[in-house]
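Asks: Sequence:
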Amino acid sequence: DEHVDSWYDDESSHGDSSPKVTEMAREWQRRHDRFHTIGYRDGLIAGKEASAQERFNIGFKDSVFIGHDFGRVKGITSAMTSLPGRVMEELVEDGETREAIRRLHRSVQSEDSMKAANLGEENNGASLAESYKVQLQALLGD
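This note's numbering runs 49 ahead of the 1-based position in the sequence shown.
Read the hints as simulated data drawn from the structure, not as lab findings. Worth double-checking, as some hints may not be accurate.
[Said to hold, decoys possible] What follows is a set of in silico ranges between Cβ atoms, one per label pair, in the way DEER data are often shown:
(1) Trp77 with Glu103: 37 to 43 Å
(2) Thr146 with Ala101: 21 to 27 Å
(3) Ile94 with Glu145: 54 to 60 Å
(4) His117 with Asp91: 37 to 43 Å
(5) Ser112 with Glu138: 34 to 40 Å
(6) Arg121 with Gly96: 36 to 42 Å
(7) Val136 with Gln186: 20 to 26 Å
(8) Gly120 with Thr146: 19 to 25 Å
None of these values were measured; they are calculated from a predicted model. No residue lacks a Cβ here, since even glycine has one placed at the ideal position from N, Cα and C.
Using the sequences plus the hints, can you model the full thing?
Replies: What follows is the structure in structure tokens.
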């Protein structure tokens with residue numbers, strides 16, 4: 050007596066390709082392809098999400114420093130230009146420097162903070178906020 054598995058057709062074990070075996074092979078291939086595609090897609094999505102999060106974290110960190118610098122320049126120039134003329138003259142003796150501080154103040158006040166944070170080629174890759182910071186430091190001798 051031959052032992053025959055009940056789930057497998059006895060005839061197909063002799064090497065002929067019965068319709069049942071062929072159908073099982075096609076079904077296995079369809080499932081393999083489907084799960085392979087799903088796995089690939091899931092991996093791709095997870096990779097994109099991780100990459101986007103990493104870029105966001107870097108951008109957020111950079112923007113905090115840029116925003117801080119822009120706020121300081123805005124605050125310092127506002128404070129200096131709001132001083133009475135005599136006090137401003139005592140702090141900044143040179144008339145050209147005082148006028149340059151006023152121009153910088155008007156320029157900074159006219160800028161939107163988002164635009165000031167953007168990096169631009171006209172500033173050699175630096176943000177407008179960084180450019181304002183450098184200008185103020187040059188005027189104040191910091």
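Asks: Decide, hint by hint, whether the structure agrees.
Replies: Going down the list of hints, with the structure as the test:
| no. | hint | result |
| --- | --- | --- |
| 1 | Trp77 with Glu103: 37 to 43 Å | holds (39 Å) |
| 2 | Thr146 with Ala101: 21 to 27 Å | violated (46 Å) |
| 3 | Ile94 with Glu145: 54 to 60 Å | holds (59 Å) |
| 4 | His117 with Asp91: 37 to 43 Å | holds (39 Å) |
| 5 | Ser112 with Glu138: 34 to 40 Å | holds (37 Å) |
| 6 | Arg121 with Gly96: 36 to 42 Å | holds (39 Å) |
| 7 | Val136 with Gln186: 20 to 26 Å | holds (21 Å) |
| 8 | Gly120 with Thr146: 19 to 25 Å | holds (22 Å) |
In summary, the structure is inconsistent with hint 2 from the numbered list given earlier, while agreeing with all the others.
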